[in-house]
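These are the residues of each chain, in order.
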Amino acid sequence: MSPELLFQQALNGLSFGALLFILAAGLSLVFGMMDVINLAHGAFYMLGAYVALTVVQRTGSFWLALVAAPSALGLLGLVLEPLLLRRLRGRHLDQVLLTIGVALVVVDQIGLVWGREVRSLPFPPGLDASIAIFGSVYPVYRLFVIAFGVVLAAAISVVYRRTKLGMLIRAGVQDAEMLGALGVDIDRLFAITFAVGAALAGLAGVIAAPVFGMQPGMDSDGLLYSLIVVVVGGLGTLGGAVAGSVLVGPIDTFGKVLFQDFALALIFAIVALVLLLKPTGLLGRVRIAR
Amino acid sequence: MVASEIPMIEIRDLRRAFGGVVALDGVSLAIGEGERRAIIGPNGAGKTTLFNVLTGELPPSGGAVRLRGKDITTLRPWQRARLGLARMYQRNELFAPLSARENVALSLGARAGPYRPFVARPRSDYLAADQLLEEVGLLGREHVAAQALSHGERRQLELALVLAQRPRVLLLDEPTAGMSPAETARITELIGGLGRALTILIVEHDMDVVFRLADRVSVLHEGRVIADGSASEIRGDVRVNEVYLGKALAVT
Amino acid sequence: MTRAAPLAVVLIAAALLVTFPYWSAAWESSRFATTVLRDMLVFAIFALSLDLLVGYAGMPSLGHAAFFGAGAYAAGITGQRLATDQLPVTLGAAALVAAVLALVIGALVVRSEGIFFLMLTLALAQIVFAIAFQWTALTGGSNGLSGVGRPTLAGLDFSAPDRMYVLVAVTFLGVALLLWSLVRSPYGRALVGVRENERRMRALGYDTARLKLSAFVVAGALAGIAGALSAYSQRFVSPGDAGIGTSIQAFVMVLIGGAGTLLGPVLGAGVVMYIQRVLSSAIGVSETVLGLVFIAFVLLARQGMVGVGRAAWSRARSR
Numbered sequence: 001m002s003p004e005l006l007f008q009q010a011l012n013g014l015s016f017g018a019l020l021f022i023l024a025a026g027l028s029l030v031f032g033m034m035d036v037i038n039l040a041h042g043a044f045y046m047l048g049a050y051v052a053l054t055v056v057q058r059t060g061s062f063w064l065a066l067v068a069a070p071s072a073l074g075l076l077g078l079v080l081e082p083l084l085l086r087r088l089r090g091r092h093l094d095q096v097l098l099t100i101g102v103a104l105v106v107v108d109q110i111g112l113v114w115g116r117e118v119r120s121l122p123f124p125p126g127l128d129a130s131i132a133i134f135g136s137v138y139p140v141y142r143l144f145v146i147a148f149g150v151v152l153a154a155a156i157s158v159v160y161r162r163t164k165l166g167m168l169i170r171a172g173v174q175d176a177e178m179l180g181a182l183g184v185d186i187d188r189l190f191a192i193t194f195a196v197g198a199a200l201a202g203l204a205g206v207i208a209a210p211v212f213g214m215q216p217g218m219d220s221d222g223l224l225y226s227l228i229v230v231v232v233g234g235l236g237t238l239g240g241a242v243a244g245s246v247l248v249g250p251i252d253t254f255g256k257v258l259f260q261d262f263a264l265a266l267i268f269a270i271v272a273l274v275l276l277l278k279p280t281g282l283l284g285r286v287r288i289a290r
Numbered sequence: 001m002v003a004s005e006i007p008m009i010e011i012r013d014l015r016r017a018f019g020g021v022v023a024l025d026g027v028s029l030a031i032g033e034g035e036r037r038a039i040i041g042p043n044g045a046g047k048t049t050l051f052n053v054l055t056g057e058l059p060p061s062g063g064a065v066r067l068r069g070k071d072i073t074t075l076r077p078w079q080r081a082r083l084g085l086a087r088m089y090q091r092n093e094l095f096a097p098l099s100a101r102e103n104v105a106l107s108l109g110a111r112a113g114p115y116r117p118f119v120a121r122p123r124s125d126y127l128a129a130d131q132l133l134e135e136v137g138l139l140g141r142e143h144v145a146a147q148a149l150s151h152g153e154r155r156q157l158e159l160a161l162v163l164a165q166r167p168r169v170l171l172l173d174e175p176t177a178g179m180s181p182a183e184t185a186r187i188t189e190l191i192g193g194l195g196r197a198l199t200i201l202i203v204e205h206d207m208d209v210v211f212r213l214a215d216r217v218s219v220l221h222e223g224r225v226i227a228d229g230s231a232s233e234i235r236g237d238v239r240v241n242e243v244y245l246g247k248a249l250a251v252t
Numbered sequence: 001m002t003r004a005a006p007l008a009v010v011l012i013a014a015a016l017l018v019t020f021p022y023w024s025a026a027w028e029s030s031r032f033a034t035t036v037l038r039d040m041l042v043f044a045i046f047a048l049s050l051d052l053l054v055g056y057a058g059m060p061s062l063g064h065a066a067f068f069g070a071g072a073y074a075a076g077i078t079g080q081r082l083a084t085d086q087l088p089v090t091l092g093a094a095a096l097v098a099a100v101l102a103l104v105i106g107a108l109v110v111r112s113e114g115i116f117f118l119m120l121t122l123a124l125a126q127i128v129f130a131i132a133f134q135w136t137a138l139t140g141g142s143n144g145l146s147g148v149g150r151p152t153l154a155g156l157d158f159s160a161p162d163r164m165y166v167l168v169a170v171t172f173l174g175v176a177l178l179l180w181s182l183v184r185s186p187y188g189r190a191l192v193g194v195r196e197n198e199r200r201m202r203a204l205g206y207d208t209a210r211l212k213l214s215a216f217v218v219a220g221a222l223a224g225i226a227g228a229l230s231a232y233s234q235r236f237v238s239p240g241d242a243g244i245g246t247s248i249q250a251f252v253m254v255l256i257g258g259a260g261t262l263l264g265p266v267l268g269a270g271v272v273m274y275i276q277r278v279l280s281s282a283i284g285v286s287e288t289v290l291g292l293v294f295i296a297f298v299l300l301a302r303q304g305m306v307g308v309g310r311a312a313w314s315r316a317r318s319r
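Residue numbers (this note's numbering), protein chains in the order written: chain A, 1 to 290; chain B, 1 to 252; chain C, 1 to 319.
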């Protein structure tokens, strides 16, 4: 592999990793707080992309879509948690099953409202060019994705460590029951967490859409990749989402280039291996028996 | 060495720590065949941990366990059960939605091995189950689901489950916990009536029960055996009285 | 009299089921009902096999389609590579491949529980899907395996639609009978014991890991048989047959029908197939309806249709 190609693939790996972080952070957060694997996470990711499509079609602004789509998803999460999940508080497996039903409905509705053809989101003007780096030409948008991912991770980190909400979430991830016993409004915290998770999924959808396009089946891809990242990096922690995405992004990219035929099987074999050897993931903490 | 001189249960220098907390700090016991041995001690002394290590649910940090001379320290719980070790749990471990009869039938079927995949359970199993239920005092309650039984009845079912295992060694973990005086008397009578082919190790807080049932008593404190002797010897032991603040062992 | 009556009903129902294409030809010459019922029965077998894991042994697997897909591919590939259409060969290959795969995957997952078990089964099933999707030389890759032949048995050719249906119906009855005797046996009761209180089962002397693994293999083999029937019926195998969507579909069937019963998965397969095949042509929102129905059951009727039926029956009797 030539140095230019290596460099390009490395950047591809990093931008994919950044995207994976945005996608997986929400899933990890919801699991850490509520012990629920939101199997509708991929559907939320897909919905975010399609909402962005409509916003861009109506207003022509990618940046507006970047705000509107996550907001819409956040609102959806804020409605769904009390409506559905809260009724099954404590029944984790059943809550997971509930999210399956939600995914079925959301994906079907997307197909009905927007149709099932392959669509794409145009690059925002200003980010649609390529620039010369180290002797090769590289799309600016992907550099934007890397930057956006880093900034978002930093912002989340600040909120997580410096704000009251962040502190509550950290405490909730540790022991939500205890927090409830201390008088914190767990219902509200769970609803907000679920909403944030959904919003992040939607945000990932917007960011990914110009690069990957939108088509039926993207919900499965989104869900599976987020599962890969959180399993490898560590369930329930944001640090795990970072670790997982930084690893999986480049591995997946290089894997596809080097082992075309078995790249997918390779990734899942790694997942299975991690689950067997260190079920809580690379950075995950051992949880007290639940 | 005569066979009957090999202790039924031999525990040698058993240790178990959880992180920095030492639960068992070198416990050594030898229990003879047919003996009734009571293990007493204040809360946190390590009694439940001892049972968990004996049954194999918890691996020890050190030491060994022998059953009839055979080293079982590394054996799994189900392997120990097959060798004749049975445990009655302190908090009932029943099969909640199944009937009392089905509960006992499951226990009866364990030794034969359940790999009879296409034949229905033989009638004889159910007859034997019903008989055991009658012995423990659950006549007429065979078809009631375990979760629908009263607390006392559930303890009776617990006992039926372990007896159905036809064990050589019985570990009773606070058998009278949470029982009314009448229920306690009944269970004590049932246990007292078990033949000497069975060796019994019993953890109890109720001293009346201990003195009624036990041949010998071992006292556990902070993970160690601090006294070992007949019931009357233990009653008068100074250290034991200190440990219990004299209350539990006061002559009634 | 009371013993013979239910048996007679069952036998009559079975006979009607097997001969469906012949007596239904009077009112549906398009064979649509036959095709839908055939596919329902294929999925009923699949759902029954999953129920053994989910409902009886208490192992909630989201990767059961791996065995369905493996069986489908095995049947199709053996038929093509060995240039045979002999039912024992291709169906046997399907069951064998699925069973071996279940043994491998089962050995890996049997020691985990709850959420981790769920994710492990999902991940391992995705490996199977990925292999099916990308090993184009063997499986046809993303285009799928086409030209799967209909089987023959001792000179009897199952190519015709009504013959194919009969094959599926007879297999369904065989599997149902097998599972019925299995769940009533000490082995079946032991699985229920593992589901209800694995700790106690171990304390009683049961090797629970081995029990769970054997259930996994049996369930996998039966799923593989369902997969083979699907391959023959559609004359086609797609990688999606091993994918997460198929796994979820089976889970939905088991839950809606009623986990831990035998009638449940069959009813569930019927309901889901009805929504997806019949309702979908009448209204465009069939998957939405399915999702909403599923949510309703999880929230309100966790025991499924059979559970609701039983509750209603005992309420009626106590009046």
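For the record, the hints were derived by calculation from the structure and aren't laboratory data. By construction, the Cβ of each residue, glycine as well, lies at the ideal position given by its N, Cα and C atoms. There could be a bad hint or two in this list.
If you want the footprint, here are the derived chain B segments under chain C, 3+ residues with CB under 8 Å [what the hints assert, rightly or not]:
1. 70-80
2. 206-215
Only some residues are given here: those of chain B computed to face chain C with a beta carbon under 10 Å [what the hints assert, rightly or not]:
3. Gly56
4. Leu83
5. Ala86
6. Ser107
7. Ala110
8. Leu127
9. Ala128
10. Gln165
11. Arg168
12. Glu233
13. Asp237
Right, here's what the structure says about each hint:
no.: 1; hint: 70-80; in the structure: holds (count 3)
no.: 2; hint: 206-215; in the structure: violated (count 0)
no.: 3; hint: Gly56; in the structure: holds, 8 Å
no.: 4; hint: Leu83; in the structure: holds, 9 Å
no.: 5; hint: Ala86; in the structure: holds, 8 Å
no.: 6; hint: Ser107; in the structure: holds, 5 Å
no.: 7; hint: Ala110; in the structure: holds, 4 Å
no.: 8; hint: Leu127; in the structure: violated, 15 Å
no.: 9; hint: Ala128; in the structure: violated, 13 Å
no.: 10; hint: Gln165; in the structure: holds, 6 Å
no.: 11; hint: Arg168; in the structure: violated, 13 Å
no.: 12; hint: Glu233; in the structure: violated, 33 Å
no.: 13; hint: Asp237; in the structure: violated, 33 Å
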